[in-house]
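Participant: So you can see what is in the structure, the chains are spelled out below.
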Amino acid sequence: MPKIKSLEDLLKQKESAKDKLSLRKVAENDNVITLRVAMGTCGIAAGAKETFDKLLETIEEKKLENIRVIQTGCMGYCHAEPTVEVVEPGKEPILYGKISGDKAKELIEKHILNGELLQDSIIGETHTSINE
Amino acid sequence: MSSYKYHVLICGGTGCTSSKSELIKDNLENLIKEKGLENDVQVVRTGCFGFCEQGPIVKFLPDNTFYVQVKPEDAEELVNEHIVKGRKVERLLYVEPTEKEKIDESKKMPFYKKQIRVALRNAGLINPDDIDEYIANDGYQALAKALSMTPEEVVEEMKESGLRGRGGGGFPTGLKWAFAQRAQGDIKYVVCNADEGDPGAFMDRSVLEGDPHSVIEGMAIAAYAIGARQGYVYIRAEYPLAVKRLQNAINQAKEYGLLGENIFGTDFSFDLEIRLGAGAFVCGEETALLASIEGYRGEPRTKPPFPANKGLWGKPTIINNVETFANVAPIILKGAKWFRSLGTEKSPGTKVFALAGKVNNVGLVEVPMGITLREVIFDIGGGIRGNKKFKAVQTGGPSGGCIPAEYLDTPIDFDTLTALGSMMGSGGMIVMDEETCMPDVAKFYLEFSVEESCGKCTPCRIGNVRLLETLDKITSGRATMDDLERMRILGETIKDSALCGLGQTSPNPILSTMHYFKDEYEAHVLDKSCPAGVCKNLITYKIDKEKCVGCTACARVCPVEAISGTIKNPHEIDQEKCIKCGACYATCRFGAIEKI
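Protein chains in written order, with numbering that gives the first Met the number 0: chain A, 0 to 131; chain B, 0 to 595.
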């Protein structure tokens, strides 16, 4: 094990250990953006697992903080799977359909980083939910 | 982001561990492996989450789902539902007791809403057995910062923060450090008092179990400030998990060079060792504790000289409590000003309380000073169990006092509690309902103090025994009003004349209950009755012949066959035989048995 001999060493060790806690810290944060991936049977069959992995991968690649990816049950839009809902604090959630692996990357690049909606992929809300 | 999609945090405090949290972890890990998900899910055993009432607690991240009262056999459903299918396991969610509403995240629970965690900042978040997780959460940065300051500057920062000793006395920490810094001596020591012995208190244990490095870092900063090279943590052997985690943390810190020679490449060297105590209450008294480390009997001595001048082996020594040390690193890192933004002017910061007794949410809570007793007991604690009436809260352990309902809106800090005839103590808070008999409670605490007295000074050794005898007379209905007056005078004399804190505070439960619940004492003495229906000698059980249907249930549970009667006819209790165990009272479904 390396000896920590200076503040720089300590900060280096902190940087390399950061990953261990980032997921937990994000979860505690109130201003976190949540990406909800529908992973019911239909979603998984349509490739939601790849979407999920691609989202995580892109987040890691872009070193984004304050964003979490959560799997949920079927959201009911089976015809448009894989579906991803983007929930940003203080904003109306946006629901996207047919988000395959490549689209997932685009979603992060455009929506999250540039605030630009992926107009073609938005599914209009067709129901009212009693919760939230 | 880490490559894990889920983190599963399992409470590894003593409470949850005794409810098999370790087995839950094993089960989860095995199932996750079976399903080939070990690269997706990380299972971590953390320190205490505080919500002991609802333990064992399992938390899923990043969605923050908080599962309560989890059993080892629930692991399968959790993995299959939550991880594989992404559905919450509804039946394991917390149900809020008043609204009967299910709450899935800890942030939304009333229990957590008013809490601010400083000493417990890492408990329930990091794996206490992994130094990297502590470092990832800014660990040891305060030590690095302190070493770039002069020792005088460190002491000055501590003084400005206004931190007061969390062990109970509330002495300003910075001032204590300044005394030790100024004291002459080539060798100095830093000692951590982890001899937590109050009945119902477990905050120091939880800090050590959940975040041992925070204590090590605080002690190292203290050592630098006064010029010590050696530290000791005096911890009772009844805390095996805390001892194990602390020892592991010390080993890891040594491997990283954060303890030992030339820390952070400076001239500062500091080493730390554990000393096990045998669990004598008096050893929480600083001078007795020091004697115990030296290998003598744990008996206190008179002060002055104070340990800051003449402590361990006659050398200048700072001795602080676990929670005090846990507060040091954030103060150095974020500054005294930040610390003063929490709490009240004379008692800045937060305090950890072990909430126990007849309250709905038993557990460990950290709240800013100045919060009211009502907020702690009713908002965080969820009110009184079984919708009973609140009677009193006992703060400060066996030597604290009982505070009645009329003071529920008092803001809690060191000085207000003392003014009410109680004290902060280490932070035990025991809630009592209407079915509590105050003389009986006083007797309970006094029995503890009598048993734990070291016997060195007469007021404590003999005085407390006399107090206990008088209390016994009262609760058995043999006392006169003169006894009450004698007890008050004796109690005050002991307070003034005992050698150490144990004796000086042991009459508090009596004096405070006599002050606030005078009626109850008088009822015992004059009417020979116990209004709360607790004192056996003063109550009688009777059967109301009108209400009794002759179901024979009471007769069947009576252990001494004192109840007679034939089926479908009213029964009767033979008062000669009755031992007043209350079994019949608890059994009768018709309310036919009266307690008078």
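There could be a bad hint or two in this list.
Said to hold, decoys possible - Cross-link-like lysine-lysine pairs, in silico, DSBU-like; alpha carbons within 30 Å at most: (1) A:K48 with A:K2; (2) B:K84 with A:K2; (3) A:K2 with B:K576; (4) A:K24 with B:K113; (5) A:K97 with B:K34; (6) A:K104 with B:K517; (7) A:K90 with B:K84; (8) B:K84 with A:K13; (9) A:K11 with B:K144; (10) B:K594 with A:K48; (11) B:K144 with B:K158; (12) B:K576 with B:K594; (13) A:K90 with B:K546; (14) A:K102 with B:K333; (15) A:K17 with B:K576; (16) A:K102 with B:K113; (17) A:K24 with B:K517; (18) A:K2 with A:K13; (19) B:K517 with B:K546; (20) A:K17 with B:K535; (21) B:K253 with B:K387; (22) B:K34 with A:K17; (23) A:K24 with B:K579; (24) A:K13 with B:K101; (25) A:K104 with B:K34.
No lab work stands behind these hints, which were simulated from the structure alone.
Participant: For each hint, tell me whether it holds in the structure or not.
Facilitator: Hints, one by one, checked against the model:
1. A:K48 with A:K2: violated, 41 Å
2. B:K84 with A:K2: violated, 44 Å
3. A:K2 with B:K576: violated, 74 Å
4. A:K24 with B:K113: Distance of about 20 Å is within 30 Å: holds.
5. A:K97 with B:K34: holds, 27 Å
6. A:K104 with B:K517: violated, 73 Å
7. A:K90 with B:K84: Given pair K90 (chain A), K84 (chain B) holds - Cα atoms ~27 Å apart, limit 30 Å.
8. B:K84 with A:K13: Distance of about 34 Å is beyond 30 Å: violated.
9. A:K11 with B:K144: Status holds; Cα separation ~16 Å.
10. B:K594 with A:K48: violated, 66 Å
11. B:K144 with B:K158: holds, 17 Å
12. B:K576 with B:K594: holds, 16 Å
13. A:K90 with B:K546: The given pair, whose Cα atoms are some 64 Å apart, is violated under the 30 Å limit.
14. A:K102 with B:K333: Answer violated: K102 (chain A) to K333 (chain B) is near 43 Å, above 30 Å.
15. A:K17 with B:K576: violated, 70 Å
16. A:K102 with B:K113: With Cα atoms ~42 Å apart, K102 (chain A) and K113 (chain B) exceed 30 Å; violated.
17. A:K24 with B:K517: violated, 52 Å
18. A:K2 with A:K13: holds, 13 Å
19. B:K517 with B:K546: Cα-Cα ~35 Å, so violated.
20. A:K17 with B:K535: Violated, at roughly 60 Å.
21. B:K253 with B:K387: violated, 52 Å
22. B:K34 with A:K17: Holds, at roughly 27 Å.
23. A:K24 with B:K579: violated, 56 Å
24. A:K13 with B:K101: With a Cα-Cα distance of about 38 Å, the restraint between K13 (chain A) and K101 (chain B) is violated, given a limit of 30 Å.
25. A:K104 with B:K34: Holds. K104 (chain A) to K34 (chain B) sits at ~27 Å (cutoff 30 Å).
In this structure, the earlier hints numbered 1, 2, 3, 6, 8, 10, 13, 14, 15, 16, 17, 19, 20, 21, 23 and 24 are contradicted, and the remaining ones agree with it.
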